[in-house]
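Going down the list, the protein sequences come from chains A and B.
Reading the first sequence from the start, the letters are residues 391 to 1065 in my numbering.
Reading the second sequence from the start, the letters are residues -19 to 296 in my numbering.
Keep in mind that the hints were calculated from the coordinates and are not lab data.
One or more hints might be untrue.
Covered stretches of chain B, as calculated for chain A (at least 3 residues, CB under 8 Å) [stated by the list, open to error]:
1. 158 to 169
2. 213 to 221
3. 242 to 256
4. 265 to 275
DSS-like, lysine-lysine: derived pairs with alpha carbons at most 30 Å apart [as the list claims (entries may be wrong)]:
5. B:K10 to B:K267
6. A:K993 to A:K981
7. B:K267 to A:K981
8. A:K953 to A:K817
9. A:K953 to B:K267
10. A:K1007 to A:K993
11. B:K30 to A:K953
12. A:K993 to A:K953
13. A:K957 to B:K30
14. A:K953 to A:K981
15. A:K957 to A:K817
16. A:K957 to B:K34
17. B:K10 to B:K34
18. A:K957 to A:K722
19. A:K993 to A:K547
Only some residues are given here: those of chain B computed to face chain A with a beta carbon under 7 Å [as the list claims (entries may be wrong)]:
20. R145
21. L186
22. S200
Glycine included, each C-beta is placed from N, C-alpha and C at the ideal position.
Residue-level listing of the chains:
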Amino acid sequence: MLNLLWILLGSYVVGILLPFCLPRRAEVQSLSAGVPAVVATSAGVVLGLLGLTSSGFITGSLASTIPLLAFTIRIDPLAAFFLLTISLAGLAASIYALGYVRHFDGRASVSTIGSLFNGFLCSMTLVVLADNGFFFLIAWELMSLLSYFLVVTEHEKTEVRYAGLFYLIMTHVGTAFIIVAFLILFQGAGSFSFEIFRHPNQSLPEGMRTLAFLMALIGFGTKAGIVPLHVWLPYAHPAAPSHISALMSGVMIKTAIYALIRVYFDFLGGQFPWWWGFTVLFLGATSALLGVMYALMEHDLKRLLAFHSVENIGIILLGIGAGMVFQSYGLKELAALGLLAGLYHTINHAMFKALLFLGAGSLLYATHVRNIEEYGGLLRRMPWTGVFFLVGAVSISALPPTNGFVSEWLVFQSLFLSYQLPTAFLKLMLPIAAAILALTGVLALACFAKAFGISFLALARSTQARHAEEVPAPMLVGMGLLAAFCVVLGVAPMVMLPLLDRVVAPLAGISIEGKVLAMDGWALAPVNVEFSSLSTPALSLLLMALALLGWGLAVTFGGRLRKRRYKTWSCGINLTPRMEYTATGFVQPIKRVFSTVYQPTAKLETEFLHESRYFAKRRHFEFHIEPIFEKYLYDPLVAFFTTLADRLRVIQAGSLHLYLTYIFVTLILLLLLAV
Amino acid sequence: MLQAIILVLAQVTVLLAVSPFLVGLIRKVKARLQLRRGASVLQPYADLAKLFQKQPVISTTASWVFTATPYIVFASTLSAGLLVPTFISLNPMNFAGNIIALVYLLALGTFFLILAGLDAGSAFGGMGSSREAIVASLTEPAMILSIFAIALTNGSTNLSTIVHRTALLEGTVTDPSPQLMALAALFIVALAETGRVPVDNPATHLELTMIHEAMILEYSGRYLALLEWAAGLKLALFLSLIANVFAPWGIATTAAPAAMMIGLLVYLAKTAALAVVIGIIECMFAKLRLFRVTDLLGVAFILGLLGLLFFYTLRS
């Protein structure tokens, strides 16, 4: 198994270096980066599965001369699960990239993108494998920096540079908090080794533990995109090339989920007051709802998907938060269920979000526009992309029998079991979180009905959409792979759940496989079959059988009448794309109903004909949504720091003598303090 | 196993057979209250038969989603219907999904209906889709809360289990107020989900008022028949849900033929009574403006929440 680890890391290194050594032809370069990535991610999938099924841990280490830093690697079930998630999404993205990167030929260096792509995947892998705090931070920083470079691939555009800068600042503020959290843990353990962090008898006072909790929540929360730390995400994720967006949104933000579970359940021993869990739950519910609400108003397909990542991180946190609440009251089975639901949604989200981003990339490849108002009718032009995107849309809307439904169902169940909690407050709060989850689910449905309906159905709304062509085969294979995973993880949850149970069992201290899977694995029944059960295999069979029944009824009653094709009746005039419902029009009622959240402002300017005010020459309409967090939270913060910097400028006068005086005074002060 | 298959088939038959009758009954009640004679109660059956025999016309702009949607909607509504007990409380499909699965199966149909509304490219369809999206998103939270109130009082989220326990008086009903609140909430939800007055009007084709009808405006022939049947099935589903969850008495609790016969008759009587109530409501109220529907569904949400609050305050 150690050999496999070497293949994994070695292929990544090859993938990083090779693109620069070969001739500068786009085809050669996409292959030179893509093939090692495919090998490495395949190795990652196998290694992840081995780590999830084998009984022992895989560990390895490399000596280092720097004190406190050791390049130790450990693949326990938790790390293996995230390795599997990263590698599965990475595999699809690297196959997809073989076709997609040629799109950048002439606009950006294909070799740089390929090399950074391998480096980015490698750094994410190292983040989840690292078993030393110092090493972890290095990998984390590499991951952030490499993704930054990928975000600014198209740096000639102003908005891309802005997105990159925003991302760079936010991610480093986040890292600062993570460092503080690790330093607190270091203080308790006296070492940066995770092995000692997780030692149960470490002596951290309650206050310090709470501080570590908060610091980790803010630090990793920034990466995960928890509201209100999500603001960078809708800028940075869409700016990168689409296969990178897929990895950033589908997988990179999951490393933060990994780290949160690692810190709370592993390092802090899973013993904490109830309000920790409640905080996570509350943030999860807020992120889920606000994420989907902002996504609904977005008509740039990639930004829409980025906002949905905020939503899905919220759903994952609902599961983990519920698990934490149960854990703090010693309800181990329920804690395990909550964690299991959160983790299942983690891998599901990685699959369908990566799929949707790759789909968005295909649309971009074929039409060169990102605004869904300029698509339309693409299902005919790009049938396969359309089908795969539809699978992704159905999955993310949590509709049965796809994977999103199974994991959201599990989250619902864990929230519904709140009646076993001792306090009335929590008993009531968890069902309300379930109601919020229900609202989130339906809004996501509306959002993807909009995204798919406006983009792929009806008439083409622009010349680009009218002339779009299906994307090359490698891109279709990448998307098809993920679409297949979406269906398999939904229809056959009994394949994934035993593996997840192995991840959760050491964290929650109890194995619930026998409880979750009933009827020889054909049904899910958390706690017991009497309380709740779900069998997606049965439901999918039922759906197919009944659809056949419907067809049978049609044939029996009506015979095989030929269909007639005729144009849509549009009150006597010819149908044009301008008559179709637009995305803006589609979400208008939702915008109006939830206007307290959106604070919409609309502006209509009309320029009349000179001769008569009955005829308009030109009308200009625009509407905006108030970006609440940016306006009321970030703008004041930025203003504060700018003012502070202005004030501090007086001490930086540009005189060397003055600076020498500062150093001198500091030295004197330090000496005085030392005495 | 054989018994289970027979029961499932019986359930499918009952739902398919009863749903047009319920639609016809509501129309008849409305007609009589408006001092009209009205068509026969059996008219919907004739309508369906006629529609199946008509040649379907498909818009040239529509894609395969448009033709697949009727089958998906039909299948998802009917499979949701199989999770609800009708004449026997021991539903063989109980293991396949609980009430959340039911909600999401219905959502699957809604999703494809919304897509189909957009597919023909006419402005009416898009308008219906957009309105359906907002109504659905406001209905679902209320539904989940009322479901949870019901589930708590019965210790289960599986419909068949809930009905079975209530029918055998296994639950200790010390105070019915949580159930009453949940019932009121679920009734409003049922009106919204099945597209009834005051949320939507199934008897209109006026663009200002329609939601469901606008989405299926471009359908004809067998596709329209399947969609109409599915709409009827959804109505039957919600009526069975209300009838059997809140008043399961008379339902067969064993698979004995005599009990099942009585169960079937009682089921028909109960759903017919509910259909009459809906018919009366449709006559008494005007359809609400779209943005007033929010308030109505807000009330349903609050009722569901009150059901929960009552449960926790009265039982602890």
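Cross-check of the supplied hints:
no.: 1; hint: 158 to 169; result: violated (count 0)
no.: 2; hint: 213 to 221; result: violated (count 0)
no.: 3; hint: 242 to 256; result: violated (count 0)
no.: 4; hint: 265 to 275; result: holds (count 3)
no.: 5; hint: B:K10 to B:K267; result: holds, 14 Å
no.: 6; hint: A:K993 to A:K981; result: holds, 15 Å
no.: 7; hint: B:K267 to A:K981; result: holds, 22 Å
no.: 8; hint: A:K953 to A:K817; result: violated, 55 Å
no.: 9; hint: A:K953 to B:K267; result: violated, 36 Å
no.: 10; hint: A:K1007 to A:K993; result: holds, 17 Å
no.: 11; hint: B:K30 to A:K953; result: holds, 16 Å
no.: 12; hint: A:K993 to A:K953; result: violated, 46 Å
no.: 13; hint: A:K957 to B:K30; result: holds, 23 Å
no.: 14; hint: A:K953 to A:K981; result: violated, 39 Å
no.: 15; hint: A:K957 to A:K817; result: violated, 56 Å
no.: 16; hint: A:K957 to B:K34; result: holds, 18 Å
no.: 17; hint: B:K10 to B:K34; result: holds, 28 Å
no.: 18; hint: A:K957 to A:K722; result: violated, 61 Å
no.: 19; hint: A:K993 to A:K547; result: holds, 27 Å
no.: 20; hint: R145; result: violated, 9 Å
no.: 21; hint: L186; result: violated, 14 Å
no.: 22; hint: S200; result: violated, 9 Å
The structure is inconsistent with the numbered hints 1, 2, 3, 8, 9, 12, 14, 15, 18, 20, 21 and 22, although it conforms to all the rest.
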